[in-house]
Amino acid sequence: MESENDKVLDTAKELDYQKVVNLMKCIRCIAVCSDKVKMCQKVSKQFSELSGYKDADERAKVCKRLAKKTKEEIKKTIYEKAQNKKNAAKLAPDYKSAADEFRKVSGYSDADDLASQCDQLRIRIEKKAVRKRIVNHGVVALCIVAVIIVATASHTKYYYANACRATGSYHSAIKVYKKLGAYKDSKERLIECQYLNGLASEAEGDFKSAKKAFAAAGYYKDSEEQKVEMEKLIIKNSKVGDTVKLGDCDWIILDIQNNQVLLMKKAALPGGMAYNNDFEDVTWEKSTLRQWLNSEFLNETFSEIERNNIILTNVVNGDNAVYSTDGGNDTQDDTFLLSIEEVEKYNSLFPTFKSNSWLRSPGYSQRSAAFVSENGAVMGYGYATTSEEITVRPALWFRID
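Going letter by letter, the sequence shown gives residues 1 to 401 in the numbering used here.
Relax, there's no trap hidden among the hints.
For lysine-lysine, the following DSBU-like pairs were computed, each having C-alpha atoms within a straight-line distance of at most 35 angstroms: (1) K354 with K236; (2) K245 with K221; (3) K90 with K127; (4) K157 with K179.
Cβ-Cβ distance ranges computed for the label pairs, FRET-style: (5) K175 with A384: 53 to 63 angstroms; (6) K187 with N375: 50 to 60 angstroms; (7) N162 with A129: 22 to 32 angstroms; (8) N22 with K345: 42 to 52 angstroms; (9) D57 with N258: 37 to 47 angstroms; (10) S348 with G271: 20 to 30 angstroms; (11) N258 with Q291: 26 to 36 angstroms.
Simulated from the structure, these hints should not be mistaken for lab results.
The beta carbon of each residue, even a glycine, is placed where N, CA and C say it ideally should be.
Using the sequences and the accompanying hints, generate a full structural model.
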């Protein structure tokens with residue numbers, strides 16, 4: 001028969017058990033933090049002290065696993081914070097801060113490698129800053145020399161430009177090389193300086209100046225690739241509604257999804273253009289405008305490298321919801337016109353329209369197409385597809401990773 005003392009002990013053990021169970025329930029409500037890890041470990045230990053009683057052993061294991069999982073979640077959070085800091089970093093202190101964050105989770109994923117990358121970028125920027133200070137002093141001296149040799153011979157100016165280039169004063173070197181024209185290898189040195197100026201601007205986070213410099217360098221080394229990378233960085237540092245330059249045009253950012261952006265040409269193409277050359281039943285798939293946008297317009301507006309980053313998009317061609325006009329088959333396009341539905345979705349981002357602009361959606365019949373009026377209203381009734389009074393405002397998805 002159970003003694004009175006045993007009953008007291010069982011009651012005390014049950015009270016301890018219930019107390020720890022309640023603590024375990026509370027843990028699940030605690031946000032991910034180091035305190036939650038400590039609490040999990042503490043509760044796991046308390047269940048272990050009740051080993052053999054009810055399911056205390058199993059609960060001890062659950063708490064131990066939860067502590068481990070919480071640690072991983074904390075590391076993941078710190079890692080993601082570090083990644084965000086690295087992606088947004090422009091100055092040396094920014095990269096140092098990102099590296100410090102990565103080191104907090106040393107051993108997690110590629111944190112150590114990324115910390116090292118941040119250190120290298122920080123050192124590179126610091127060296128640039130030191131070099132820039134040296135250059136500034138050098139520029140002062142060179143300016144004094146320049147005053148003395150303003151009216152001197154071309155060969156003196158040539159060596160002055162070379163000195164500017166050697167000290168990293170690329171803007172001054174570029175000006176002189178331009179004036180020297182075909183003197184010696186001034187043209188070649190000019191292009192080289194444009195490229196070096198691009199690298200220097202990129203290191204300082206001035207991506208617009210870098211893009212301009214790489215564009216001026218033409219086909220020197222990987223200038224074209226660098227120019228497109230600057231375009232991507234400019235877009236990455238922009239937001240929905242901003243205007244960016246791509247190819248020969250200004251574009252409005254309508255949407256950003258992961259590493260892709262939806263762009264619409266800010267200004268309509270000059271003059272009007274028919275949706276389809278022949279007055280016949282037609283859908284977007286068979287229209288001559290679609291063919292032109294994905295051939296001549298594409299090739300004349302963008303470089304080969306830019307075209308390689310334009311995403312071949314699955315374009316949905318829905319019916320006209322009001323008139324039930326057939327939208328035709330879905331298509332795969334590099335460039336396309338927006339649909340009625342897309343205009344309604346992004347309308348608040350549109351600039352002031354100065355002309356009527358075609359949409360790819362059908363109008364009231366298979367020989368008409370919808371358009372956006374000058375005041376930004378969607379005209380679902382449409383207009384005859386052969387009209388050349390309506391302008392074209394292309395759109396595309398662009399890869400920025």
